[in-house]
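There are 2 protein chains.
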Amino acid sequence: MDYSSESLKRHKKLGGKVSIASKMSLETKDDLSVIYTPGVAQPCIEISENRAKAYDYTFKRNTVAVISDGSAVLGLGNIGPEASLPVMEGKAVLFKKFADVDAIPIVLDSQDTEEIITAIKLMAPTFGGINLEDISAPRCFEIETRLKEMLDIPVMHDDQHGTAVVTLAGIINSLKITGRSFEDLRVVINGAGAAGKAVIMLLKEMGVRDIVVCDSRGVIFSTRDNLSDVKKEIADLTNEKNMEGNLSDAVKNRDLFIGVSVPGVLTEEMIKTMNDDPVIFAMANPTPEIMPEEARSAGARIIATGRSDFPNQINNVLAFPGIFRGLLDARSAVLTQPMYIAAAEAIAKCVENPGPEQIVPSVFNEAVAPAVANAVRSCCK
Amino acid sequence: MDYSSESLKRHKKLGGKVSIASKMSLETKDDLSVIYTPGVAQPCIEISENRAKAYDYTFKRNTVAVISDGSAVLGLGNIGPEASLPVMEGKAVLFKKFADVDAIPIVLDSQDTEEIITAIKLMAPTFGGINLEDISAPRCFEIETRLKEMLDIPVMHDDQHGTAVVTLAGIINSLKITGRSFEDLRVVINGAGAAGKAVIMLLKEMGVRDIVVCDSRGVIFSTRDNLSDVKKEIADLTNEKNMEGNLSDAVKNRDLFIGVSVPGVLTEEMIKTMNDDPVIFAMANPTPEIMPEEARSAGARIIATGRSDFPNQINNVLAFPGIFRGLLDARSAVLTQPMYIAAAEAIAKCVENPGPEQIVPSVFNEAVAPAVANAVRSCCK
Chain A
326 MDYSSESLKR HKKLGGKVSI ASKMSLETKD DLSVIYTPGV AQPCIEISEN
376 RAKAYDYTFK RNTVAVISDG SAVLGLGNIG PEASLPVMEG KAVLFKKFAD
426 VDAIPIVLDS QDTEEIITAI KLMAPTFGGI NLEDISAPRC FEIETRLKEM
476 LDIPVMHDDQ HGTAVVTLAG IINSLKITGR SFEDLRVVIN GAGAAGKAVI
526 MLLKEMGVRD IVVCDSRGVI FSTRDNLSDV KKEIADLTNE KNMEGNLSDA
576 VKNRDLFIGV SVPGVLTEEM IKTMNDDPVI FAMANPTPEI MPEEARSAGA
626 RIIATGRSDF PNQINNVLAF PGIFRGLLDA RSAVLTQPMY IAAAEAIAKC
676 VENPGPEQIV PSVFNEAVAP AVANAVRSCC K
Chain B
326 MDYSSESLKR HKKLGGKVSI ASKMSLETKD DLSVIYTPGV AQPCIEISEN
376 RAKAYDYTFK RNTVAVISDG SAVLGLGNIG PEASLPVMEG KAVLFKKFAD
426 VDAIPIVLDS QDTEEIITAI KLMAPTFGGI NLEDISAPRC FEIETRLKEM
476 LDIPVMHDDQ HGTAVVTLAG IINSLKITGR SFEDLRVVIN GAGAAGKAVI
526 MLLKEMGVRD IVVCDSRGVI FSTRDNLSDV KKEIADLTNE KNMEGNLSDA
576 VKNRDLFIGV SVPGVLTEEM IKTMNDDPVI FAMANPTPEI MPEEARSAGA
626 RIIATGRSDF PNQINNVLAF PGIFRGLLDA RSAVLTQPMY IAAAEAIAKC
676 VENPGPEQIV PSVFNEAVAP AVANAVRSCC K
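Protein sequence lines correspond, in order, to chains A and B.
The opening residue of the first sequence carries number 326 in the numbering used here; numbering runs sequentially from there.
The opening residue of the second sequence carries number 326 in the numbering used here; numbering runs sequentially from there.
Calculated from the structure, these hints are not laboratory results.
Since the structure is predicted, the reported quantities are computational estimates derived from the model, not experimental observations.
It is possible that part of the hints are untrue.
No distinction is drawn between identical chains; accordingly, a pair holds when it is met within one copy or between any pair of copies.
[As the list claims (entries may be wrong)] No more than 20 Å apart at the CA atoms, straight line, and that leaves these computed lysine-lysine pairs for PhoX-like:
| # | residue 1 | residue 2 |
| --- | --- | --- |
| 1 | Lys421 | Lys348 |
| 2 | Lys557 | Lys529 |
| 3 | Lys338 | Lys348 |
| 4 | Lys566 | Lys529 |
| 5 | Lys338 | Lys446 |
With the hints as extra help, turn the sequences into a complete structure.
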């Protein structure tokens, strides 16, 4: 199937992918008096006396916003708000399908951090959660951090944490297969953007002590020139021995390579310098840091990518529907690192017999979202 | 039926009134590749090359936002964003039912004019139109005016224009019944808020020359102390003879009373001083400026209210679904006075045999929204 032309055809025929449905039938004058005036005044009054009752009487109970400024969309980059709408609608379809969450796509006509924060803060009372999407680094970090501080609903930038959660799920099963522990794991990460930072945070939380991170200029170390704020933070969190060098230097004697970067940067020669049974997460989209067949011939034991046409697809859809299902069910005001870890462990457990070609469940495994929701809900107690 | 308790019950059981529905089925890996990556990139690319194609490939084609700050909700006043959600969801149900428009309820956590304008400007690329709702005067005037100037989608504050359009429809049929013309009509309006101003603008456009407007301090005249900006404008547009006095003075020898004010301010004695066959639009909610039976006993020929339990209900639902249906179908960037008049004429024509108790169609008349949509669309050519 030619996905591009089929996609254009279906989108044009239907006018996008989501619509609004009424939960209440409206056939009689009585219905109208219940749904609208005068009856509707009663839920309004109850909520005005206690804002929390919006979860009882309105769609806030089951609704999240999927919000983007269109600045870092798929592999397409900064394509602007309207052009990012098909992706946001796609996420809404996935939210509905896998977790019965009502997700509202909203795109913003600004890439100014302050304006974006203001707009989202203002619309927040409408929703039970905020899924930030495809916002470029480093703005995504400040936008998410400040919104989490100011809002009483959970906020998640999916490009960071969705990716990190599913990556962690895959790593959990990879360690079982290769008999390694988080404590002794030697990790190299290529890519210090949105996803890279979130992966580092989760790995640290899991007890990983030895992580080296590279960007396009090579290894990030604390005395390197011109480090951005985020990279300074990364330097503080990783590379304890303060090594310098390039990616080739960094991969030597490592157990796990995590690529959240650009196509083709990892070579067979580099993999050959890694420890035995190396594990490769090559998640650049649509073309990975190294193609699976090359990685295998260089000795990789386990290979994961972002693609559906290879085994071990690291796909955010395993995480975000269940995470928000759990948060909405718990009416949670926050979203924490322990919840992400619980979600990753739940995803990992959905693989019955982990093997080199089965470290994460299929995206169509319907047990995943409920398991994730349950795990997240347990953290809310 | 006890509408209040029934309303609470239904809202709580269902968690509000609207949800998100997927237009595309998602059952196979191929579906996922069409709806999401990699296929979704193609509509994104097409829109990035031409923003207008968002109408072809996304839900923008059929979607409006129903946006409120919760500052002037029903008869309840300033109850805040969360508490106004049930009303916004109710409008979304009406939009869907009567015109198959997908309306997204959004409430804003600010009553600052600049913040509201910024938030709506930022989210505008998502939608094909903006329905402002229940925003208090005078902020509603500036918010609507400035958004109309800056956005390339139509914007309507329904409390102003929806009310004005349906009022005008009722007046058109009232004039047929009483054999009067707009040119010679002598009008008194009580209430200089959101709806009052919009009614004045439409009546002027229809050729009415003699309008006097009262607020709680009496007749508005151009040399009156401490006039707000809006009331100065009203003074310029009306009361050519610059009369002074109170409502009792203003109603004398008038043909038509339009109340968009507060309960009980019009008395039988006042109606008796009006011209023969007086027409009374007493639209204060939920209790009219005068109850219909009193108005009738004082000699009123035609009486309209905002209530469903009396004849001649002036209900915005006759206007807004069809207006936005027409605007979306035409992909209109603007919403103009001629469109409002065309909508009012279309509503008036839906009454087959206008009579004193039938000046507007039933809210359940399914021919109204398509007729209004058609009339609005005709103005877009």
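Tested hints:
Within a single copy, Lys421 and Lys348 get their C-alpha atoms as close as 15 Å, and across copies as close as 11 Å, so both meet the 20 Å cut-off. In this homomeric assembly, Lys557 and Lys529 come within 20 Å of each other (Cα to Cα) only inside a single copy, at 16 Å, whereas the closest approach across copies is 65 Å. For a Cα distance limit of 20 Å, the shortest separation of Lys338 from Lys348 across copies, 10 Å, qualifies, whereas the shortest one inside one copy, 25 Å, does not. Proximity of Lys566 to Lys529 under the C-alpha cut-off of 20 Å is restricted to the intra-copy arrangement: shortest distance 16 Å within a copy versus 80 Å between copies.
In this assembly of identical chains, the alpha carbons of Lys338 and Lys446 never lie at most 20 Å apart, being 35 Å within a copy and 28 Å across copies at closest.
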